[in-house]
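Asks: So the sequences go chain by chain: A and B.
Sequential numbering of the first sequence, starting at 1, is according to our numbering.
Sequential numbering of the second sequence, starting at 1, is according to our numbering.
Calculated from the structure, these hints are not laboratory results.
Every value quoted in this text rests on a predicted model; they were computed, and no experiment measured them.
Check each hint, because a few of them may be wrong.
You can't tell identical chains apart in this list, so a pair holds if it fits in one copy or across any two.
Straight-line alpha carbon distances no greater than 30 Å define the calculated DSSO-like cross-link-like pairs of lysine-lysine that follow [stated by the list, open to error]:
1) K22 x K216
2) K22 x K160
3) K160 x K90
4) K22 x K10
5) K168 x K10
6) K152 x K168
7) K22 x K90
8) K22 x K152
9) K152 x K185
10) K211 x K90
11) K160 x K185
12) K216 x K90
13) K211 x K22
14) K90 x K10
15) K168 x K90
16) K216 x K168
17) K160 x K10
18) K152 x K10
2 protein chains.
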Amino acid sequence: MQSNQPSMEKPLILVTNDDSLKAPGIRALIDILRPLGKVVVVAPDRPQSGTAHAVTIAHMLRIDLVYRETDYEEYACNGTPADCVKMAYKIVMGRRPDFIFSGINHGTNSSINIFYSGTMAAVLEGALTGVPAVGFSLNNYSLNADFNPSRKYVREIAEKTIANGLPKGICLNVNIPDVPTSMIKGIRVCRQAEGTWQEDFDEREDPNGRKYYWMKGVYVNNGNGEDTDQWALENNYVAIVPVQPDLTAVQAIEPLQHWF
Amino acid sequence: MQSNQPSMEKPLILVTNDDSLKAPGIRALIDILRPLGKVVVVAPDRPQSGTAHAVTIAHMLRIDLVYRETDYEEYACNGTPADCVKMAYKIVMGRRPDFIFSGINHGTNSSINIFYSGTMAAVLEGALTGVPAVGFSLNNYSLNADFNPSRKYVREIAEKTIANGLPKGICLNVNIPDVPTSMIKGIRVCRQAEGTWQEDFDEREDPNGRKYYWMKGVYVNNGNGEDTDQWALENNYVAIVPVQPDLTAVQAIEPLQHWF
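Working from the sequences, and respecting the hints, build out all of it.
Replies: Next up, the structure:
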């Protein structure tokens, strides 16, 4: 299942997402990226929203070629987005790609939503393995979301990433407002907003009278400034947060050393 | 299913993990924590290793009381560790607990393993919701791992966390070497080591001749210094990394602003 090596001129681009191969968001992203390189799509065969950075170790994985033409291949995987990246590297490409682009997600991954996001886990896999990677998300959860207004910005950011590369170990979390292109005010490079999910559950009863629950919940922003992705998104800017896979709270190291 | 409110003196402690309610690691942790407060355990009903910060939104959730006595309750949940925390808050306790302790994990969560860890996702849920939280992991993946040598350190760190609290939004990732207590040299507060997983898969064929794969892979440390958790662990120190749920690469914001 080894792919052909790319020609010298064309970068090898891995495309994935968490909404599955059939989601309109990934079809829009593929369409934008195909002129920019050799595109290999390895995406989940079913929706994997909210799977975060899960990897499949308790079950077996499958991967199937579903379509191939010149400089383009498409594979369906029964795993998570992180599984898709690892399988793409090892099983499909036999090497790490030049770039990873993930999305376009149906729904925002701004602020702390990055922690729950399968789309962004695939992007973090890039950062963890030295591959420049960008995740795109549209602030519209509907399967019928219109991705056309975001195309101009997705293309611009993809082109600049391919032209410039990214600093080592850094990936990008791009969130796009769900408004007509003419209303998008531009691009802002931001920090991740502070926020929280107010947990909530819908309690129901099955026909045997046993309770079960559906997870709900509401995102609560902590209103923390015009330099955040949440502010940018709410004010019709495309928000880019440079992301690194390091959770160390450096400022807390020294105070905690006094404990011991 | 509302718990009694705790008495003024005893903190309300939520205990969870990703190896399931039956794992020896969580039994050791419960045993250490029960003298320190009112303990409510909400843990997965089956192993959830590698589920990371996944939340269950495409399936329904269940939670069942399995044991109760004075100042102690135990619930099994069919979801992930992050689900367990959210259900504990909303369904079991009707409020956020005073502390969350997660583990003791069978296997290390040092370095970038934090991104794949269900144990640490539960702890990050604490940080995301303002609850001081600590995750404990033993550097031994076996179900038969011996947790006795680690007890002294788990107790000390839990007691200090309960006495001192943690800085707002900060949680702790504690990794413990798998050696006799007498060989543990002490505690070091560290930064998260840089590393990567070298992806690998075991390829097999089902009886119909169709290929399937088991995920394997080897952790590769990037050998980056005596101030890292990986170094501490390998040199028989208990490693504590203060963790914050913010992935912003602050140093990359300004350079990226020149792109647009």
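Asks: Tell me, in ascending order, the numbers of any earlier hints that this structure violates.
Replies: Failing hints: none at all.
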